Amino acid sequence: MKPILEVNAMNVTFKVGPPYRRQDLQAVAGISFDVRAGETFALVGESGSGKTTLARAINGLQRITSGEVIFEGKRIDGLGRSAMRPIRRHMSMMFQDPVGSLSPRMTVGDLVTEPFRIHRVEADLAAETQRLLALVGLPLEFASRYPHQLSGGQARRVGVARSIALNPRLIIADEPTAGLDVSVQGEVLNLLNDLRDRLGLAMIIITHNLHVVFHVADRMSVMYLGRFVESGSTQDIFDAPMHPYTAALLSASPEPRPDRKSARISLPAEVPSLLDRPNGCEFHTRCPWARARCAADAPTIEGTSRRVSCFYPLERGVLRATQEHAK
Amino acid sequence: MSEAVSKGAGPIRRILSEPLGVVGVVLVLVVVLGAVFADVLATVDPSSISPRDRFLPPSLAHPFGTDHLGRDLFSRVLHGSRIALAVALFATAASLSIGIVLGLIAGFGPRWLDALLILLFDSVKSFPTVMLALALVTLFGPSLTAVIVVVVLVNVPGYARIVRTQTLSMKDADFVAAAESMGAGFSRILRVHILPNAIGPLLILASMDIPVVIAIEAGMSFLGLGVRPPTPSWGAILNDGFTAIRDTSWIAVAGGLPIIVTTLGFTFLGETVRDVFDPRLKVR
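Protein sequences, first through last, are from chains A and B.
Here the first sequence stands for residues 0 to 326, numbered as in numbering that gives the first Met the number 0.
Here the second sequence stands for residues 0 to 283, numbered as in numbering that gives the first Met the number 0.
It should be emphasised that the hints constitute simulated quantities derived from the structure, not laboratory data.
Just to be clear, a hint being listed does not mean it is correct.
As the list claims (entries may be wrong) - Distance ranges between label pairs, derived from CB positions: (1) B:9 <-> A:265: 56 to 62 Å; (2) B:190 <-> A:277: 24 to 30 Å; (3) B:108 <-> A:185: 43 to 49 Å; (4) A:217 <-> B:118: 23 to 29 Å; (5) B:199 <-> A:198: 38 to 44 Å.
What the hints assert, rightly or not - Okay, derived cross-link-like pairs now, DSBU-like style, lysine-lysine, Cα gap no bigger than 35 Å in a straight line: (6) A:73 <-> A:14; (7) B:170 <-> A:73; (8) B:170 <-> A:14; (9) A:1 <-> A:73; (10) B:170 <-> B:124.
To be verified - For the chain A half of the interface with chain B, some residues (derived, Cβ under 8 Å), not all of them: (11) 58; (12) 60; (13) 79; (14) 80; (15) 84; (16) 87; (17) 88; (18) 91; (19) 92; (20) 101; (21) 102; (22) 104; (23) 113; (24) 118.
Keep in mind the model is a prediction, meaning the values are calculated, not measured.
From the three backbone atoms N, C-alpha and C, an ideal C-beta is built for every residue, glycine too.
Bound conformation, chain B alone:
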C-alpha cells in the first residue's frame, strides 16, 4: 500500500481491508451484540433453577443445554458476556487513565520519583497474575471489584511505561521548547503537545490488552476468585462444566467457546489495529 493511499483511507476502512481485521470485527460484533441484546435473545432468567431440567443436551428450548442446576446455559453465556465486556472496558479505561497520570509523573517528575515508580512497576510486573489475584482475594474476598483491581494493577505498568518513555523522548524536543518559549503553561504542553503524540501506542496496547483482561476475569471466576456464584460468568460456567465433565461435555463447551471466540476476536482486531496504526511493529 502506498503512503498516500494508507494516509487517505480512514482507519476503519483500513482495518476492514485486512482479512484478519474482518474476522476480528465479526467475532467482536457477535459478542458485543449478544451482550447488548442479552435480554431479548435469552428469554429465560439466567439464574432460575429448575431441578427437573438438569444436564439437558442442546435443544431448541435450550440452545446450549442446561447445567447441573437446570439453568439455561444460552442465557447464562449471553449474560456472562456482559460481565466479561464490562470488566474489559472498565478495567482497561481505568488502567489507561491511571497509567497516563503515573507515566507523566515519572516522565516529568524528579529523577528519584521516576526511579521509585519504575521500581514499583517492575515489582508489580514480577508477580504472576494468579498469585497476585490469590493474594488480593485472600485480603478482600472474591468479588467483581477484586477482579477489576487485579486487572488494573497488572495493566497499569504497561501503559505508564509507554507514557513515560514518550514523555522522556519528547520533553527535550524542539517543539516542546518552542511551545514553552511562546509562553505555554505546563498543562497546555502536556495536553496539546505531549499526549496527542503518545496516544497512538497507548490505543494499540489497550486493544491488545482487552483479550488478556477477559482471560483474567474468566480465569479468576473459574478459580472462584471472581464474581460470586449466582452471577453468570464464563469462568464460573467453565468451572461448572469442569466438575460435571464425566456426565456431559456441553457445559464446558458453553463456558469455553465464548472465551475463545471473544479473545480471538479482540486479538485479531488488536493486531490489525496495531498494523494499521504502526506499520513498523508489523511482524512478518
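So that you can see chain A by itself, here it is in the shape it has in the complex:
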C-alpha cells in the first residue's frame, strides 16, 4: 500500500544569534519515514529533540531547509499558504496546549465547526456540532461554552473533535496527553485509537510518554538531537531496544508491573547543545557502552523495517550483562 505521508531526508535549520555571529541550529537533521493509512506512528524523544519542529514542518507551518515532504503522492514542502489550503483540509494537527490552541473568544460550537467555514464546506453546522461533540463524548450544552470554561481534558476533546471534523486522512497529534490526568489520558488515547480504526486514518503521535506510545502506536521512532536513532515496530523496540538511548529511555519510564522490573540505565552528563554537536556518534558523550570508534566516526541509521544508528547495537545479552553489572 502506498504511504499517505512520506518524509525524505528532511532538514530544518534555524539561524540564531546576532547578525555578526550567526549560527546554524539544526533542529531536524536528515529525517526520513513514512506513515500508512490506519496506522499510528509515534515520535519519541526528550524535550528539545526536534519533535514539534518536525510536526510543524510536515504541516508547512515551518519551512524546511532541505528534503521532501510527500503527502498522498504530492510534494507539499515549500508550498504557499493558499496552495496548502486544500492539503490542510486532509491533514489536521493537534497542538500541545489543549486550551491555548483554542481561540479564546470563540465558543466550542464555533471552534469545532471552524474547519467547515475555513474550507467553505456546505453543511448543517448545528447538526455537525452535535455529531462532533457526540463523537468525542461531550454533552451538547458545551457548544455555547468558551475555552476558559473547559478543563484540560474537555479542551483536548474539543481539539480532537475539530481535527476530525472534515474526515482528514492524517492527524498529527503533538503531546495529545500533556497536562491531563492519567484517567483522562486513557480516555483520550482510547478515543484516538477508536477514531483511527473507525475512520481508517493515519496518525502521527508526538510524545515523550512511552506508555502512550505502547498504548497506541504500531511503529515508532526515537529522536535524539533532531535525528532518528532507532525506528521499528513498537512491539520490537519495547521488547528489545537496540540503541543505547532507546534502552535508557525505556528503563527510565516507570514500570507498573513489578515482575518486569529492570535496572535503570542512568545517562551521565547533560543533553548536548544543538549548537555544539558532539563529533562521531552524537550520543557517545552519554552512552554507557561507548567505545573508541564512537567518538571518531558517525554511524548512519541502517536497516529496513528495523533501523538503528549505532555501531554496537544492543542485544538482549549485552543489556542483561550490564544489568548484572549494575547490581
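Using the hints provided, position chain B relative to the given structure of chain A.
Here is chain B on its own, set in the frame of chain A:
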C-alpha cells in the same frame, strides 16, 4: 463581586452598579441629549446678533445670559456641544481605524517596517499637542478639519501601539498556529482570531480618550486654531468670556461649565468601563 456574578451580568448593568459610572452616564446623557435636541431646547438662533442685548445676565429669556454681540449663550452652548461631540466621535473613530490598520502592519509586517512605524509613533508623541496644532494650522489654516487632523495624529499612536503589542503577543500563540494549520487564510486569522482579542483594551482606551479629544477641540478653538468664529464652539465662547471677564463672568462660565461637565462625565464613564472590562488595571 464573584467571578460568576461579574460574568453573568451585562456590561451596562455592571457600569450602572458603580456610583462613578452612574454619575458619568448621567453627565454624558445630559450633554448628548442637549446636542441631539439643541434645535428644540434653544429657540434662538445661536448666531443672531442683537447689539441692544449685549452682556445680559442670565434670565428666563436667556438662561446663560448673552455675549458681547448679544448672542444667546444657552443656544450657543447647546449647538457647541454638537461640534464637541461630533469631533470626539468622528476623530476617535478615525483614530481607531487608522490605529488598528497601522498596528496590524507593525505587528505582522517585516521587522524594519515595525521599527519605522514605532519611530514615527514616538516622534508624533514627542510633540506637545499645542505645538503640533500650531504647526498644522500655520500650514493649513484654522478649521474643523485641522482640529480633527490634530486629534487623529495625536491619538493614532496609542491605538496602534496596543494593536501591535496584542498582535505580537498573539501571532505565535498556539490558537493562531492551529487556525493556520487548518488552512485559515491571513485575513481570517486577523478578523476572527486576532482582532476580537485586541478590541477590549482598544475600547477602554477610546472611552478614556474622548474627554481628551473634547479638551483638545475646546483648547484649539480657544486659541483661535479651531472652528471659525460664527460657528459656536465651547472654546470660542470661553475665549469671548476671557476677553470680557472684566465686564461679566457669565460668558466664561457658560463656555467653561459644559467643558468641565463633559470631560468629567466621559472620564468617569471611561474609568468605569475600564474597571468593568479589565479589573486588573483598577487603581485602588
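Hints, one by one, checked against the model:
1. Between residue 9 of chain B and residue 265 of chain A the Cβ separation comes to about 60 Å, which falls inside the hinted range of 56 to 62 Å.
2. Taking 24 to 30 Å as the suggested C-beta distance range, the pair residue 190 of chain B and residue 277 of chain A does not conform, at roughly 48 Å.
3. Remark: the range hint 43 to 49 Å for residue 108 of chain B to residue 185 of chain A is upheld by a beta-carbon distance near 46 Å.
4. The hint said 23 to 29 Å for the Cβ distance between residue 217 of chain A and residue 118 of chain B, and at roughly 56 Å that hint is violated.
5. For the pair residue 199 of chain B and residue 198 of chain A, the beta carbons lie near 39 Å from each other, so the given range of 38 to 44 Å is met.
6. For the proposed pair residue 73 of chain A and residue 14 of chain A, the alpha carbon gap of about 28 Å is at most 35 Å, so the pair holds.
7. This hinted pair checks out: residue 170 of chain B and residue 73 of chain A have alpha carbons roughly 29 Å apart, not beyond 35 Å.
8. Note on residue 170 of chain B and residue 14 of chain A: the hinted pairing holds, with a Cα-Cα distance of about 20 Å set against a maximum of 35 Å.
9. Among the hinted pairs, residue 1 of chain A with residue 73 of chain A is consistent with the structure: their alpha-carbon atoms are about 12 Å apart, no more than 35 Å.
10. Proximity of residue 170 of chain B to residue 124 of chain B is assessed by CA-CA distance (about 26 Å); at most 35 Å being required, the pair is judged to hold.
11. The interface hint given for residue 58 of chain A holds, since its Cβ lies 5 Å from the closest Cβ of chain B, which is under the 8 Å cut-off.
12. Look at residue 60 of chain A: its Cβ gets to within about 6 Å of chain B, closer than 8 Å, so that hint holds up.
13. Because the closest C-beta pair between residue 79 of chain A and chain B is about 11 Å apart, greater than 8 Å, the hint is violated.
14. The closest approach between the C-beta of residue 80 of chain A and any C-beta of chain B is roughly 7 Å, which is under the 8 Å cut-off, so the hint is satisfied.
15. Taking 8 Å as the C-beta cut-off, the interface hint given for residue 84 of chain A holds, the closest approach to chain B being about 4 Å.
16. Satisfaction of the interface hint for residue 87 of chain A is found here, the shortest Cβ-Cβ separation to chain B being roughly 4 Å, below the 8 Å cut-off.
17. Interface restraint check: residue 88 of chain A against chain B, minimum CB-CB distance 6 Å, threshold 8 Å, status holds.
18. A distance limit of 8 Å between C-beta atoms decides the matter here; for residue 91 of chain A the minimum to chain B is near 7 Å, and the interface restraint holds.
19. The closest approach between the C-beta of residue 92 of chain A and any C-beta of chain B is roughly 4 Å, which is under the 8 Å cut-off, so the hint is satisfied.
20. Annotation: residue 101 of chain A was flagged as interfacial toward chain B, and the flag holds, the nearest CB pair being 6 Å apart, inside 8 Å.
21. Interface restraint check: residue 102 of chain A against chain B, minimum CB-CB distance 5 Å, threshold 8 Å, status holds.
22. Because the closest C-beta pair between residue 104 of chain A and chain B is about 4 Å apart, less than 8 Å, the hint holds.
23. The criterion of a C-beta within 8 Å of any C-beta in chain B is met by residue 113 of chain A, whose closest approach is roughly 7 Å, and the hint holds.
24. Of the supplied interface hints, the one on residue 118 of chain A holds, with its beta-carbon coming within about 6 Å of a beta-carbon of chain B, less than 8 Å.
When the structure is compared with the earlier hints, violations turn up for hints 2, 4, 13 and for no others.
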